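K.L.:
So the sequence lines, in the order shown, correspond to chains A and B. Counting in my numbering, the first sequence runs from 1 upward without gaps. Counting in my numbering, the second sequence runs from 1 upward without gaps.
These are calculated hints, taken from the structure and not from any lab test. Note that the structure is predicted; figures quoted are calculated from it, not measured. Careful: at least some of the hints might be erroneous.
Treat identical chains as interchangeable: a pair holds within one or across any two.
Stated by the list, open to error - DSSO-like cross-link-like pairs, simulated, lysine-lysine; straight-line CA separation at most 30 Å:
#1 K137 <-> K107
#2 K15 <-> K137
#3 K15 <-> K283
#4 K107 <-> K188
#5 K137 <-> K283
#6 K15 <-> K188
Protein chains: 2
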Amino acid sequence: MSLLVVGSIAFDSIKTPVGSVENVLGGAAVYFSLAARCMGPVRLVGVVGRDFPREHLALLQDRGIDTAGIEVADGRTFRWSGEYFEGMNRRETLSVELNVFERFQPKIPPSFQDSEFVFLANASPVTQLSVLDQVRKPRFVMADSMDLWIRTANQGLLDLLRRIDGLVINDDESLLLTGERSIIRAGKAILAMGPSRVVVKKGEHGAILFTSEGASPLPAYPVEDLKDPTGAGDSFAGGLMGSLALRGRTDPEAFRTALAIATVTASFTVEDFGVRRLLDLRKDEVDGRLRRYASMLRIGVD
Amino acid sequence: MSLLVVGSIAFDSIKTPVGSVENVLGGAAVYFSLAARCMGPVRLVGVVGRDFPREHLALLQDRGIDTAGIEVADGRTFRWSGEYFEGMNRRETLSVELNVFERFQPKIPPSFQDSEFVFLANASPVTQLSVLDQVRKPRFVMADSMDLWIRTANQGLLDLLRRIDGLVINDDESLLLTGERSIIRAGKAILAMGPSRVVVKKGEHGAILFTSEGASPLPAYPVEDLKDPTGAGDSFAGGLMGSLALRGRTDPEAFRTALAIATVTASFTVEDFGVRRLLDLRKDEVDGRLRRYASMLRIGVD
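With the sequences and hints as input, model every part of the structure.
P.N.:
Listed below in structure tokens is the structure:
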């Protein structure tokens, strides 16, 4: 089924304890798309500046990503730079230039307005809500958010939560959003705000899914040679939504499988810098690692 | 099959954000025994002072724990007090009085020397090694350790590692022991030091098992009302060894099931202060939660 993502497209400069890259293709919607396209076609809506090279567009198109929704605006493309430290569970943003993304007003092309699965990558709740006003009758809408919007656009975020089916959010942010002290309580509290599926991401420690049936944890896939955690969360979301759209199912069992695909997709992402590992990632590689992951978690009960 | 544990018996004073208790029964070997006895009989070796009440001994005996190996020495029982802060993933030791535990020289009663499964709870490597010299032909020996011994008794610890089958260790301590920067590398490095099973504990984030087949993660069982994390690791070890001893198997599949039992046992422990929840914990409660846990982790792979 059709899958739409709306979000940032960026140039990233990244430093980790094992290396660095400068001005490479990045952004939440790019990581999402490159992950989700392993499962099926993706429709991408975002904005870039005049400096965005044609080769990057071709690179996305070559991989089954429909770029009809990428607007080219006057100005420079969004730029981000950050550094990860020892252990890579702490990062510092060194600089952010929003550039054309600052005034991003997503325009969903007519050919995308019938999208059945929709992912609203991190953006202001107003921007995210404007997408929902442009898609006709989505079957399943999921969104990401961040501390900035929890602090500065809380009412908009609460409005958004009432209109979406699923939320992915980092552990710290789940506590900030709810004022709870534990993630287990926070996840439950977010369910009460609207979405029927809440996924709290814990970085190297995996994620926890909250539904009306309770909390269920998923550990991260063990990665020996972590190179760059950038985009782990966005490619996780891409694997998740890509899997749901591929199977056209959002029931609990399908959702758990989709979360496992999300987990292994993110594990590939962090094994190289930027989007490098995602570029040539094949579905059979994802499926192979999924089978190993499922077997790691299989527990014999007498 | 027979299961022996050797380790501390203590009086604990514990403060957490939701309450406190003073001078309650605790210690690694006590938590271990009270957890393992849900699976089958346990033989306990430890030392207490003249101040240790007879009722505590009766309480252990009433639960199928053989206390023939508890020595009563002149002096006071080991005392520990600590405080947990917001989120309960950080604790501060307020005071430690080793008392009779300082000169603990485990004497394994003749009736315990044929024990097939042996757990060496946290103690100096010299003390732990002295137990191995007194048990005849154990089938599976597992040990715990801590930062103190890694720093002060490294050679003894390396000697111990060559003589045991399994090690349980905290994540930070695995890094300290190996000098590695990631837990995945650390677990692998510890395998090379001797034991064929290494379990790295990550507190609220679960654990990772390392064997020659690789790393496999297990998330913690989600606990909504965490009251007191004290003894989580020791009751985890008790559930693990209790399950292995009950089934008389240590193959990979049995080990994974045992780790799942360890995980759910620890989840009960932290739901009340000290050993309180463990005192009346029944095997059918553990089994019920085990089934829920196994079903949470079941991933449908097409």
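K.L.:
Hint by hint, note whether the structure agrees.
P.N.:
Here is how each hint holds up against the structure:
no.	hint	verdict
1	K137 <-> K107	within (16 Å within a copy, 73 Å between copies)
2	K15 <-> K137	neither (42 Å within a copy, 53 Å between copies)
3	K15 <-> K283	within (29 Å within a copy, 50 Å between copies)
4	K107 <-> K188	neither (34 Å within a copy, 50 Å between copies)
5	K137 <-> K283	within (29 Å within a copy, 50 Å between copies)
6	K15 <-> K188	between (36 Å within a copy, 26 Å between copies)
The earlier numbered hints that this structure contradicts are 2 and 4.
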